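Q: Chain residues, written in single-letter form:
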Amino acid sequence: MKKFELNNLTRGIWKENPIFYLMLGLCPLLAVSASLKDALGMGGAFIFVLLGSNVTIALIRKVVPAHVRIPVFIVVIATFVTIIDYSLAAFSPQVHKNLGVYLPLMVVNCILLGRAEAFASKNNVINSALDGIGMGLGFTLAILVIASIREFLGQGTLFGISVLGKNYLPFLIMIMPPGAFFVIGFLIAIKNSFGGKKNAE
Amino acid sequence: MLNELNLGFIFLSAFLVNNILLIRFLALCSFIGMSTDIKASTGMGLAVVFVTVVACSISWAVYNCLLVPFHLEYLRTVTFILTIASFVQFEEIIIRKKSPVLYNAFGIYLPLITTNCAILASAFLGIDYRLNFIQNIVFSLGVSIGYCFAIVLFASMRDRLKTAPVPASFTGVPIAFIMTGLMSLAFLGFKGLFKL
Amino acid sequence: MKKKDIIKGIIVLLSVTLLSGYLLAQVYSLTKPKIEQQKKIEEERLNRDIFEEGVKFSEDNLKEIPCTAVYDINGNLIGRIFTSQVRGYGGNITIKVGFDNELKIVDVKILEHTETPGLGSKITDSNFIGQFKNKQGADLYLKTDSPTGQVDGITGATISSRAVTEGIRKLQEQLQ
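For the protein sequence lines, the chains are A, B and C, in the order given. All residue numbers for the first sequence refer to our numbering, where the first residue is 1 and numbers rise by one. All residue numbers for the second sequence refer to our numbering, where the first residue is 202 and numbers rise by one. All residue numbers for the third sequence refer to our numbering, where the first residue is 398 and numbers rise by one.
Keep in mind the hints are simulated off the structure, nothing from the lab. Everything numeric in this text was worked out from a predicted model, so none of it was measured. C-beta atoms are modelled at their ideal positions from N, C-alpha and C, and glycine is treated no differently. Take these hints with a grain of salt, some might be off.
Stated by the list, open to error - Below, simulated BS3-like cross-link-like pairs (lysine-lysine); rule was C-alpha separation at most 30 Å, straight line:
(1) A:Lys-97 <-> B:Lys-299
(2) C:Lys-567 <-> B:Lys-298
(3) A:Lys-62 <-> C:Lys-405
(4) C:Lys-399 <-> B:Lys-298
(5) C:Lys-401 <-> A:Lys-62
(6) B:Lys-299 <-> C:Lys-401
(7) C:Lys-506 <-> A:Lys-97
(8) C:Lys-436 <-> A:Lys-37
(9) C:Lys-401 <-> B:Lys-298
(10) A:Lys-97 <-> C:Lys-405
(11) A:Lys-122 <-> C:Lys-493
(12) C:Lys-436 <-> C:Lys-453
(13) A:Lys-97 <-> C:Lys-399
(14) B:Lys-392 <-> C:Lys-567
(15) C:Lys-540 <-> C:Lys-436
(16) C:Lys-493 <-> B:Lys-392
(17) C:Lys-506 <-> A:Lys-37
(18) C:Lys-399 <-> A:Lys-37
(19) A:Lys-62 <-> C:Lys-567
(20) B:Lys-299 <-> C:Lys-399
What the hints assert, rightly or not - Partial list, computed: chain C residues near chain B (C-beta under 7 Å):
(21) Tyr-419
(22) Leu-421
(23) Gly-487
Stated by the list, open to error - Covered stretches of chain A, going by a simulated chain B footprint (3 or more residues, C-beta under 8 Å):
(24) 149-158
(25) 187-193
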């Protein structure tokens, strides 16, 4: 592979979007998507960890023997997760509180381990970094889409700013667990119907 | 925060009211990807129960007896996940030696348990809620049985779904999510259970 | 697997883990003071929300119940703040109650709760929680629970309303 391919960055955002296309890392997606602010926080933290772990693993990929690579990847990922965990607690306590237990839970997020295994361990640092940013942006995009629907319907606000006015009777289910499942079900169904049309042509 | 020492309360809360899958959204990857066969789901569920209870107990011990006295709490993420991963690896080796039949039955599911968010979450929550050792065991039991319950329910429903008329773009994952949403809605009804 | 490979594997894993531990220790020592500071700022902000003239806060207890004593700018004790937990509809509700020196309620704040959004969550509205201001030795019962009750519950959220009311009342009874 060439030393530097922009393709790695854009791939993760749409074509191979980790959520809608690869269907990985769903747990934090649904849990933290009731409000746009939290979603943004989660997305940012995710990009940080993915970028950090991809770069680190790409750096040490030649030194790590194959049979211990999974534990090593896990330790690297866990380290970055802990760093962002404490950094957020120190500098943005409100965001940290809202993310709650889902922040440290990123450690077992399939996307992180998946990209480490599938990409960062086989490519150079720059491409791995781009891949990390791309996939991270894709994840953030997905979580923002879901959050905007849920917050808009469930509270009538976007980023806390009231959009539909005081008389809007909120569709409360949307900000509760079932709402998250319904939204993502419908979104994937919509995506499928587009994909189906393409196949038919 | 659970101030009550009442073990039944802790168990019901973990199992039903705050069901790890349907209310807390955890362990979804294994849920969506796998629950098409009731037998396989039950097997996976029981394996998760076993791993969760033991791994969470070990994690609790490591945290309270090793990390806290040395003021190393910030290492908990790293140590917990390493504990769970090693335990799963260990379990895999033992099962492979003692019962190759069981090992083959589990197939790929066994190593997959490591990335099961529910187990790690159970370990974290046990610490966050400041449970003692016995409470932690009951809690992790509730969480894992809640997971098992949910995936078995789901697998049996998916069975029925195979013969139901579903719109084309909904087949597969989307209708699975909608169904999960409905199940989640039902479980929300357990919220008032606290006043028992 | 050759023995050499296993040893190399263990060495790599160990070094990565040690490096990680060292890195995390650094991050921890860097962020710890900031985290403590944030906690203090938040606590003080809450305390000042209840007692506007409070400038100094110290740990204290009344009848063996832990609380925060509040002093004004002249060093006078103007009241005490108690934190307690009650079991609501969806889980525990953490409340902070400020009493003045005559055990009159100055204000009540809800810190944490997991009540139903849109219904039980209304306990944080000033329409409900503001009712407790300036009440002293009053009949802290919901109007629907007792003929001498003075608290208006929230429509559709009786259990949440009752839980908070009970919590404040029990605290007051303990302090009499």
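Q: Quick check: which numbered hints come out false for this structure?
A: 1, 2, 10, 11, 13, 15, 18, 19, 21 and 24
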